[in-house]
Structures are given as C-alpha cells and as structure tokens.
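*Asks:* Going letter by letter, the sequence shown gives residues 331 to 868 in this note's numbering.
If you're looking for bench data, these hints aren't it; they were derived computationally from the structure. Worth double-checking, as some hints may not be accurate.
[What the hints assert, rightly or not] So the derived label-pair ranges between C-beta atoms look like this:
id, residue 1, residue 2, range
1, 764, 596, 29 to 37 Å
2, 687, 618, 39 to 47 Å
3, 455, 364, 16 to 24 Å
4, 453, 645, 41 to 49 Å
5, 586, 730, 27 to 35 Å
6, 716, 425, 17 to 25 Å
7, 648, 775, 38 to 46 Å
No residue lacks a Cβ here, since even glycine has one placed at the ideal position from N, Cα and C.
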Amino acid sequence: MTQAALTHPPAAQAPAPAAPAPARGRLLRLPADWSGWLGPIGVALFAGLLRFWNLGYPNAFVFDETYYPKDAWSLLRQGYEGSWPDHANADVLAVPQHIPLTSAPEFIAHPPLGKWVMAIGEQLFGLHPFGWRFMTALLGTVTVLMLARIGRRLFGSTLIGCTAALLMAVDGLQLVMSRVGLLDGIQMFFVLAAFGSLLIDRDHVRARLAGVTDGDRVRLGLRPWRIAAGVLLGAACAVKWNGAMILAAFGLLTVLWDQSGRRGAGARRPWRSMLRRDAVPAFLAMVGSALVVYVGAWAGWLAGGGNGEGGYDRHWADGRPGLSPDTFLGVPLPQVSMSWVPAPLRSLWHYHSQMYDFNTGLSTPHTYQSNPFSWLVVGRPVSMYWEQVPNGQHGCTATGGCASQILGLGTPLLWWTACFALVYLLWRWFFRRDWRSGAVLCAVAGIYLPWFQYQERTVFSFYMVVLVPFLCLAVAQMLGAILGPAGCSPERRRIGAAGAGLIVLAIVACFAFFYPLYTAEVIPMTSWQDRMWFTSWI
C-alpha cells in the first residue's frame with residue numbers, strides 16, 4: 331500500500347445495500363448470551379418438576395428426618411437445638427398440630443448451618459413435611475442448573491454441560507435426597523458451587539496471564555471468586571464436617587492451577603513462584619474465609635439463644651476460667667492458660683471435642699450401613715421409608731398387596747457407567763495431562779476417599795449424594811469422547827451420536843423404571859420385587 335493510500339481516503343463508493351428486513355413471522359435470533367442459558371434452564375425446570383411434585387408425601391418423618399427438621403425448628407425459635415419428648419413426631423403430624431419443643435438444650439452431632447437452611451422452608455410453610463423438604467428440593471433443583479453451567483464452562487460445550495445436568499436430574503439418589511429433610515443434599519449444593527467458583531477464578535487468572543512472558547513476577551491481586559469458594563466450602567463444613575476434606579482437596583487444586591498458569595505464562599520456576607506468590611493468599615482466601623463462615627454458623631449457640639442460657643455446654647468454660655479443654659479431636663491436651671480466648675469460644679472448642687468423639691466412635695450396627703467399597707456400584711442402598719399396603723387401601727388393587735418405599739438408590743445404570751467413566755478420566759489425566767479430568771478426579775478424591783478411613787464406623791451410602799454431580803460430569807465427558815472430536819467425519823459423528831444417545835436413553839429408562847421407589851409410590855408387591863435386582867437392596 332502506498333503512502334498516499336495511507337494518508338488520503340479512497341474515493342467515495344456506493345453505499346453497501348441495507349440488510350434485508352426479517353421476513354414477517356420469522357423468529358428473531360436470541361442474543362448470544364442467552365444461548366448458553368436456555369438449555370440449562372430447561373433441564374433445571376424438568377428437574378424441579380420431579381423434585382417438587384407431591385413433595386409433602388409421605389406425610390411422615392422419613393429416616394433421619396426425625397432429627398434435622400425438629401432441630402431446624404428449634405433453631406428458628408430458640409437459636410439452639412432444644413430437646414423433644416419421645417412422642418414429638420406424632421404430635422407434630424397430628425391434626426390439630428402440637429409442637430412440644432422444650433428449652434432444655436440437646437447434644438447434636440452436626441454443625442447447625444444445614445438446619446438453618448432447612449429452617450427457611452419451615453418459616454415459610456410451617457413444621458410440616460413440605461416445609462422441611464422445601465429448601466432441599468429447591469437447592470437440589472438449583473444444583474442441576476449450576477451443573478449445566480459448570481459443565482459448559484469446564485468442557486466448552488453447552489451440549490455436554492446439559493447432558494451432565496440431565497444425568498443428575500434423573501439420578502435416583504440425588505432425587506431422593508432432594509425430597510427429604512436431610513443435610514447431605516444441602517452440602518452438595520455448597521460443594522458444587524465452590525467448584526464452579528474455582529473454575530471462574532481459574533478462567534480469570536488465565537485471562538490476566540494472557541500475553542505475559544515472565545510468569546514469575548506477575549502478582550494476581552485480589553481474587554474474589556476464590557474467596558467465594560472459601561465461603562462456600564466453609565458453609566459445606568458448617569453443614570457436615572466431611573466438608574473439611576473437600577476444602578483441603580479444592581485448596582490443593584487451585585494452587586496447582588496457579589502453578590500451571592504461571593508455567594504457561596513463561597515462568598522459569600513455576601513451583602517456586604506459586605509457593606511465594608499464591609500459596610499463602612490461597613490459604614487465607616479459602617481456609618481463612620471458611621473458618622469465619624464456620625464459626626459464624628454457630629452464632630445462635632454462641633449467643634445462648636438470645637437469653638444467654640441455651641445451647642448444649644454453652645457455659646462449660648464458665649466454671650473453668652482460663653483453662654483449655656481436656657481433649658480436642660480425640661487428642662489429650664495439657665491444661666494451659668487460655669484466658670485470652672473468650673469463654674464462649676472455649677466452650678465451643680470443648681463441644682467440638684465431644685462431637686468428634688461421637689462421630690468417629692459411632693459403631694452401633696444398623697440394618698442399612700455399608701462399606702465405602704460398595705458405594706460406587708450401589709451395593710447397599712438405604713431404605714428411608716417403607717410401608718406394606720394391604721389390598722383395598724391407599725389405591726392398592728393387587729391381590730398380593732402393595733408396597734410403598736423410598737430407597738436411596740442411585741440410578742444403577744448411571745452409577746455403573748460412571749465407574750467406567752472414572753477409569754477413562756484417569757487415563758485422560760495421567761497420559762494426556764487433561765486438566766479437566768484432573769479437576770473432576772480431585773473432587774471425587776476429596777469427597778469419596780476420606781470415608782475409607784472409617785472402616786469401623788457406621789456409615790451409609792447416601793453420603794455419596796455430594797459425589798453425584800462429579801460422577802455426572804465424568805459420564806458427560808466420556809459421552810463427549812464417544813460423540814467424537816470437532817472436525818471428525820460426519821460418519822464418525824453419526825455413529826458416536828447414536829452410541830452416546832443410546833447410553834443416555836438407557837439411563838433415563840432405568841430411572842423411570844425405579845422412579846416408584848424414589849417417591850414412595852404405591853405399587854404391587856410383585857412390581858416391587860421386580861425392582862429388587864440384588865438381595866443387598868432389600
């Protein structure tokens with residue numbers, strides 16, 4: 331191009347023809363920002379329909395609902411967990427209702443945040459099955475929406491993200507735990523939200539490092555999404571303590587991402603740079619914020635229920651001025667002066683030692699306890715509700731009678747497929763260094779592996795509802811590989827789409843077959859027996 335061409339505009343040209351107006355009746359194209367939301371919202375609406383449909387049935391306390399909904403009501407009314415008489419369940423379900431809550435404090439085994447969340451539904455709808463199940467159903471639905479968006483961000487594909495969300499929408503264990511007033515479904519929400527926050531943080535860091543040639547010197551500054559992840563993981567710990575192991579796993583994951591990002595930005599010593607510039611901020615952002623949230627969840631207990639009198643062992647330290655608890659987490663402690671620690675916090679410390687001893691020493695045999703080795707293959711699901719219905723009652727027309735059951739059973743075909751998917755992800759991570767596979771596997775390890783240390787403790791397979799989103803991500807990634815990479819031949823794509831589609835349809839059909847066992851539907855006893863594929867399910 332000549333200098334004249336650079337300094338003088340070209341001669342006037344005829345104006346380009348205007349774009350033709352859209353044909354009458356033609357649908358206008360949605361903005362690009364909406365293209366990644368319509369599918370996730372559609373899957374979430376489908377999941378919400380399954381979770382809210384007839385949510386108040388059965389009108390009964392299901393499994394451990396005998397504890398948490400009443401604790402939630404007590405927190406709502408008193409700020410701490412009070413005691414209930416033995417006949418409390420019958421009084422709560424009676425018409426007219428009688429709520430026999432007492433002000434006497436009760437020892438509890440889990441932190442209070444999950445019950446505070448459950449109390450929102452009870453505040454809106456009362457101490458009734460629909461009220462204490464409302465928030466678990468809502469969070470179970472929102473989790474499906476989050477998974478679709480997380481899968482889209484992780485794999486760069488709305489289709490794969492929506493596939494993962496659809497798989498979770500039709501998982502039996504996630505459905506059951508979204509329709510009962512237990513804590514694990516609430517914890518699942520916080521854990522998945524924390525994982526999504528770390529993904530966003532990773533993308534933001536990669537954007538800051540783009541174009542950088544000396545990754546050793548870069549300061550990444552304030553990272554609000556990593557702080558958000560710490561807050562959410564603190565909330566997960568404040569629901570159940572196993573959230574602490576997930577916090578450790580996710581903390582390791584985020585600093586490994588920092589190391590990888592610095593290496594990609596040209597750092598000559600990415601490990602040293604990560605340790606010098608990222609490790610301490612990561613610890614403060616995640617562990618520090620998690621600790622603040624966790625202690626804050628005990629605000630009602632620390633305040634003594636408003637009148638300063640309530641809360642189990644709330645005044646333990648009052649008679650021991652300046653002394654530490656005898657033990658903490660099962661480890662004997664020397665009696666040293668701790669007068670600088672406020673008495674309520676020393677009492678909380680002592681209370682946690684008691685909770686730890688109870689939770690780790692719980693070995694009372696239970697009919698539906700199981701070993702973690704059997705969880706991935708759904709070896710021993712938990713029966714949360716059972717009623718044998720005679721012919722002529724509750725719509726039963728079968729001559730042999732009917733059954734009504736809520737079985738905490740993951741959709742078998744989905745979980746068995748997930749076992750193969752995890753092997754595929756291990757291969758992808760180890761041999762291809764696929765960071766996406768590593769991220770999912772890190773979550774699986776942090777959630778699942780810690781349970782193997784409790785071989786003598788009474789544990790149950792429904793704890794794995796926290797794992798369900800990551801199993802669905804693993805299956806969706808494997809289905810994406812079956813579908814075929816971008817740029818493959820049309821014939822390869824057609825064969826892959828047929829194979830992946832058949833797997834999804836088979837999982838949905840399997841869910842539909844077991845659906846009566848997830849919702850306490852009254853079915854003939856012969857139909858119930860047809861669904862007991864293994865004797866360990868009975």
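*Asks:* Which of the numbered hints are not met once you compare them with the structure shown?
*Replies:* 1, 2, 3, 4, 5
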